[in-house]
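Participant: The whole structure should be built from the sequences, with the hints applied where relevant.
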Amino acid sequence: MARDFTLHIYRQLVETIAKSGYKMTSYEDFITGSQQGKQYILRHDVDDLPLQSLRTAQIEKEAGAKGTYYFRIVKQSNHPAIIEAIAKLGHEIGYHYEDLALTHGNFEKAYEDYLSNLAYFRKYYPVTTICMHGSPLSKWDNRRIWEKYNYKKEGIIAEPYFDTDFNKVFYITDTSRHWNGNDYSVRDKVKTPFNIPISSTADLVQKISSQQLPELVMQNIHPQRWTDDIYLWTKELVLQNTKNVIKKMISNRQHAN
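Here the sequence shown is numbered in the working numbering, starting from 1 and rising by one per residue.
Hints listed in this document are in silico derivations from the structure and should not be mistaken for laboratory results.
Possibly wrong hints are sitting among the right ones.
To be verified - Estimated spans, in silico, between C-beta atoms of each pair:
1. Pro80 - Ala202: 12 to 22 Å
2. Glu108 - Gly37: 42 to 52 Å
3. Asn167 - Arg144: 17 to 27 Å
4. Glu15 - Asp165: 24 to 34 Å
5. Thr234 - Gln211: 13 to 23 Å
Quick reminder that beta carbons are idealized off the backbone N, C-alpha and C, glycines included.
Facilitator: See below:
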């Protein structure tokens, strides 16, 4: 059986999306556009190993696609040269905020840091969309900062978890190294009427090519886990399996409460 989560199969996935008549778009363009016809939003959470994000960005550029790359402020994500390179390829850059978790629930400090970090990323791209980082090991849901502040005040037009109609947009994510692995996801979940199980990327490719997906799709990947390098691939597999044990315990605890 071929390995999943490789750049080889990601290229196949992107090419299949294009051949199936979808417009591969950034979240920014989707929100500001007509939202009519077949559209496939390419969202990327750059949690770690940003060089892998540059590689997926190059694959998408070659296929004529534009995606969105949400960068964290922490050093394992924030790499200026790579942010610049991805922006030059024509992709959208956004802020993957986690300020409430980083400040341990200090709302005032979190918002102060958020404004500073937003200004930082705007040196590379005129950021108009933001997206929360799940911070699964923190008790703080980063979205709670908007209970006190308004994210649409500073020129931000949308945040995927607040401004996407998931009754119309089918959401798929590789969180926890499973497609829609809700058992292992702490916060990367949405309420949706769609029930389309995806067992692997090969299965996703097959479903796209056979027109089994809705017209509107948001795909969220974490490029750090997509690699042809056997060492990095194995390291990510082992690390993610370990994380999944912890995340499933947290998720079960949330359901129990």
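Participant: Output the numbers, in ascending order, of every earlier hint that fails for this structure.
Facilitator: Structure breaks hints 1, 5.
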